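Undergrad: The chain contents come next:
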Amino acid sequence: MKKRKGILPWLFSAMVVLFGIHVAGAAEPGAATEQAAGTMTAPTITIDKTELNNGGVIKVSGQAPAGKPVYLEVWAADHTVRANRFDSEKDKDSGKRPYVFYITSEMPAYYKTFVPKDLQPKIDAAKKEGKKWSYSALLKDLGADMAYSVPAKAKIDRYQSTLMASVVGSRGDLLPAMDEKENRKRSMQLVKARFQSIDKVVAALVEVKPDGSYTADIKIRDGLAPGKYKIVAVVDKKVKSEAATFENKIAFPTVYLDNAGTSMNLIYPFVLTLVVAIFGVLMGAGGGFIMNPLLLALFPALPHTIVAGTVTPTVLFSQGSGIYNYSKINFISWKLGSGIGCAMLLGAFIGPKLTEMITLDQFKFAFGWILLVLAALMLWQTTPGYLAKNKKEQSILKEFKKRAEETAKGKK
Amino acid sequence: MKVEFWGQEFEVNMVVGCIGGFLIAVMSSMFGFGGGPFMVPLMTVALRLPMYLVVGSSLLAIFFSTTVSTMRHYQFGNFDLIFFLAMFPAALIGGYIGPQIAKRVSPLVVKRVACAGLVLLALNLLGVY
Numbered sequence: 001m002k003k004r005k006g007i008l009p010w011l012f013s014a015m016v017v018l019f020g021i022h023v024a025g026a027a028e029p030g031a032a033t034e035q036a037a038g039t040m041t042a043p044t045i046t047i048d049k050t051e052l053n054n055g056g057v058i059k060v061s062g063q064a065p066a067g068k069p070v071y072l073e074v075w076a077a078d079h080t081v082r083a084n085r086f087d088s089e090k091d092k093d094s095g096k097r098p099y100v101f102y103i104t105s106e107m108p109a110y111y112k113t114f115v116p117k118d119l120q121p122k123i124d125a126a127k128k129e130g131k132k133w134s135y136s137a138l139l140k141d142l143g144a145d146m147a148y149s150v151p152a153k154a155k156i157d158r159y160q161s162t163l164m165a166s167v168v169g170s171r172g173d174l175l176p177a178m179d180e181k182e183n184r185k186r187s188m189q190l191v192k193a194r195f196q197s198i199d200k201v202v203a204a205l206v207e208v209k210p211d212g213s214y215t216a217d218i219k220i221r222d223g224l225a226p227g228k229y230k231i232v233a234v235v236d237k238k239v240k241s242e243a244a245t246f247e248n249k250i251a252f253p254t255v256y257l258d259n260a261g262t263s264m265n266l267i268y269p270f271v272l273t274l275v276v277a278i279f280g281v282l283m284g285a286g287g288g289f290i291m292n293p294l295l296l297a298l299f300p301a302l303p304h305t306i307v308a309g310t311v312t313p314t315v316l317f318s319q320g321s322g323i324y325n326y327s328k329i330n331f332i333s334w335k336l337g338s339g340i341g342c343a344m345l346l347g348a349f350i351g352p353k354l355t356e357m358i359t360l361d362q363f364k365f366a367f368g369w370i371l372l373v374l375a376a377l378m379l380w381q382t383t384p385g386y387l388a389k390n391k392k393e394q395s396i397l398k399e400f401k402k403r404a405e406e407t408a409k410g411k412k
Numbered sequence: 001m002k003v004e005f006w007g008q009e010f011e012v013n014m015v016v017g018c019i020g021g022f023l024i025a026v027m028s029s030m031f032g033f034g035g036g037p038f039m040v041p042l043m044t045v046a047l048r049l050p051m052y053l054v055v056g057s058s059l060l061a062i063f064f065s066t067t068v069s070t071m072r073h074y075q076f077g078n079f080d081l082i083f084f085l086a087m088f089p090a091a092l093i094g095g096y097i098g099p100q101i102a103k104r105v106s107p108l109v110v111k112r113v114a115c116a117g118l119v120l121l122a123l124n125l126l127g128v129y
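Residue numbers (the working numbering), protein chains in the order written: chain P, 1 to 412; chain Z, 1 to 129.
Bear in mind the hints are in silico, worked out from the structure with no lab data behind them.
Since we're looking at a predicted model, the values are computed, not measured.
Possibly wrong hints are sitting among the right ones.
Unchecked claim - Label-pair distances were calculated between CB atoms; the ranges are:
(1) P:Lys402 <-> Z:Gln100: 18 to 24 Å
(2) Z:Glu9 <-> P:Tyr324: 23 to 29 Å
(3) Z:Met14 <-> P:Lys132: 41 to 47 Å
(4) P:Gln362 <-> Z:Pro99: 52 to 58 Å
Ideal Cβ positions, reconstructed from N, Cα and C, are used throughout, including at glycine.
In isolation and in its complexed conformation, chain Z is listed as follows:
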């Protein structure tokens, strides 16, 4: 498939994109996260697309999957309204404060902290400690 973006044309391998997207969607909807951190590497590395094309488009793609997964979770009665209302305003405020702090911290440090945090969480889930 050919995609035109800001005056440039890119050839996208949709077979790889769709299979990858499908798998990411199953996984992310199953475990209840967005899937962005997997989607961006898929599009930049496997599809060889430039970052500036990927940032917006990957967001759109995972928005599709998150919408459907929300509906399905709701259908199965997995959604708790009060719990949601406790988290949702916090997420909004966080989304507002975040960008203002972002200018002052190095993304490299953030990523390394995140990395350590993820490993700790993973080991906790796997029952290592």
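Isolated chain P (complex conformation):
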């Protein structure tokens, strides 16, 4: 008898320990929320495959409490990208423009919420607002804001921009970190800044039956980040399923561009650059100004900052070889070139900062007008008056060049 009594506390403590382990193990979203929610059971989730080759369709199904809408939160777990936004919109209350620059490097490379099918009309209504749609308002309208969790945790830095800071090309002063609620709000704006269109962040695909079982054919488009993706079914703020994981695989020549956050078949930009470079030589221009808009138009997944930042060094080398060729025959006025060059140094210091601060739409708008001006310049260069003058100029050019070449040869 006495022995038995001795065992009981042991058994009890063992149970406590076991229970403790159980609770600790349940720190994963699913089980923990199940307990917190009390009466409502967490939805289950199963997916029909765990591997995709550069996109594809995944069938998701499961059981949720009857009569509840089911939201699926899907995100890329292995890759994050940068997202930034410059807030210069007038504050409704104070009428002041904040000029604050928000940036995070922890935005998932893919993030999308799938909502029940019957919510499609609400998405359509939001699309009618055009480019001014608000992600947070849309989520709220769909009831999906409670399913919004992953980007909310991204660490966002914010900088107070000033005119002076812009002139010297800095981002401005780093402001103190935001609280959780503010971070969540700003992260929603960054989601929009990063993914641009409604179709990329929400889709009405989940079919929920009256008994609470649900199915969804989730289409993962091509050109996305490789690696693990996670899907969580959400019924309420704290009632979530376990995360189902699948892997997106890509194979060469499709390669993931780390900074751009998209995968891409490398043959396309190669061929495109080849054609543009040849054309650029024929036209007598670097080709950067054709390359940029073409890339933007053909690969909408590429962020404009990456396009501008990567085409620039490509152009650099063709300029360098041009300079080398001219300098061989001493055909460059170093004084004139570097004189104007110094003024251009300043301008080039500011430019890339501005690229970062404007949105894709502003970028496209400004670039569109620049191209129109350029087209007008080109057209002017084909008018008879210009041609007559140019012919004379070209013959003088040829003559001088010949003389320069001969002198260069003579020196040898």
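Given chain P, work out where chain Z should sit, using these hints.
TA: Okay, now just chain Z, sitting in the frame of chain P:
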């Protein structure tokens, strides 16, 4: 400022040149192109310099701005190495093939094609179609 080039002396209005160069540099570095097509008209039309002086010198000037803009873009993390490696060899090959084709086509036709292409691209960016 006076510039001497192959035995001739030219008077250059540096104020106009520098302001124009500055604006072109902001624009070209912002949108990631060289700026040559704007620089040449600036120097020939606004500064009234002859073509043979402009061809080399404008290239040098935009080389300055492109170098700095490359560094700045890199600093801001706008540069993607793999993407660059896909484009760079193509640009080199293009630069090699281009001049050989150039002898056989009329620059006038090329310019008109370019003009039409630019307008199409511009309208695409502006969202007209």
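Undergrad: So, for every hint listed, does it hold in this structure?
TA: Structure-based check of each hint:
1. P:Lys402 <-> Z:Gln100: 18 to 24 Å: 20 Å, holds
2. Z:Glu9 <-> P:Tyr324: 23 to 29 Å: Distance hint for Glu9 of chain Z, Tyr324 of chain P holds at roughly 26 Å.
3. Z:Met14 <-> P:Lys132: 41 to 47 Å: Holds, since Met14 of chain Z and Lys132 of chain P (Cβ atoms, about 45 Å apart) stay within the stated range.
4. P:Gln362 <-> Z:Pro99: 52 to 58 Å: 37 Å, violated
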